[in-house]
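Note that the protein sequences, when read in sequence, are chains V and E.
Take 1 as the starting number for the first sequence in the working numbering and just add one per residue.
Take 1 as the starting number for the second sequence in the working numbering and just add one per residue.
Think of the hints as simulated: they come from the structure by calculation, not from any bench.
A portion of the hints provided could be inaccurate.
[Unchecked claim] Here are the computed lysine-lysine pairs in the DSSO-like style, where the Cα-Cα straight-line distance is at most 30 Å:
1. V/126 - E/50
2. V/106 - E/50
3. E/50 - E/78
4. E/78 - V/126
5. V/106 - V/126
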Amino acid sequence: MRSRRHVDHTGEEHGIDLAPMLDFVLNLLIFFIITTSFVREAGITVSRPEAVTAVQEASGNILIAIRPNGEVWMDRRQVDLREVRPLIERLHIERPEDTVIVIADKSAKTGLLAQVMDEVALGGIKEVAVGAGSTGGQ
Amino acid sequence: MLDFVLNLLIFFIITAVFVKELGIDVARHGGAAGGPATGKDTGSISVVVKQSGEILVDNRVVDVRAVRANVERLHAQKPEWGVMVTADQSAETGLLVQVIDQVRQGGVENVSFGTSSR
């Protein structure tokens, strides 16, 4: 009833040592779990305006959030409105196919939303969407 | 266990690519970078959002819920026209998105958004 490994000519060996591989795979797994939840997040949660016609943005993966008090968040830190343009320019060079979603809080001012969208457009990304939550039907 | 972990790993690699954000596509008109989204040769249906929260469709005050019906009616008259939503600088984004949502429900996909400067 001995397993096949035991009858190997080495005798003492019990097959491949899986421990280092398991460690490696688990590390990779943890890495992916972390990156999926944090990738290109704006860094804060805002109460999104709800829209029935909201669609999934195919390549919208640069998120800019606008808080009710006028703070602009991008890449997990608060940025000045004037910083948005160089940041977008840099990201646009790195990955030109990325598009931007501006997630403005329900009670944020439209003037700021327009300014942020303009800065993004000046930074070179013409595809800008306004973030919305799905109401799941009215 | 190794099989399970590897499956989990593959699952995360796949989902990482497919995580999508919800949003609505809106063009800008006016402003520093935006041009007219609707063609210059054609007109557009004007929707104005005032600071007080009043909404004007074609210069008539309407309720948020009536925007859809009004846009549908105007869209039927002028099918080639887009909609220009002009919001006051200090109007709330929530209302603006509601209005744009209503317009899109009304069947017009060509929506542009601008702010009124005073």
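A quick look at each hint next to the structure:
About 27 Å separates the Cα atoms of residue 126 of chain V and residue 50 of chain E, which keeps this hinted pair within 30 Å; it holds. Restraint check: the Cα-Cα separation between residue 106 of chain V and residue 50 of chain E comes to about 16 Å, which is no more than 30 Å; the hinted pair holds. Between the alpha carbons of residue 50 of chain E and residue 78 of chain E the distance comes to roughly 25 Å, so the proposed pair stays at or under 30 Å and holds. With a C-alpha separation of about 27 Å, the suggested pair residue 78 of chain E and residue 126 of chain V falls inside the 30 Å cut-off, and the hint holds.
At most 30 Å may separate the alpha-carbon atoms for a hinted pair to count; residue 106 of chain V and residue 126 of chain V meet this at roughly 23 Å.
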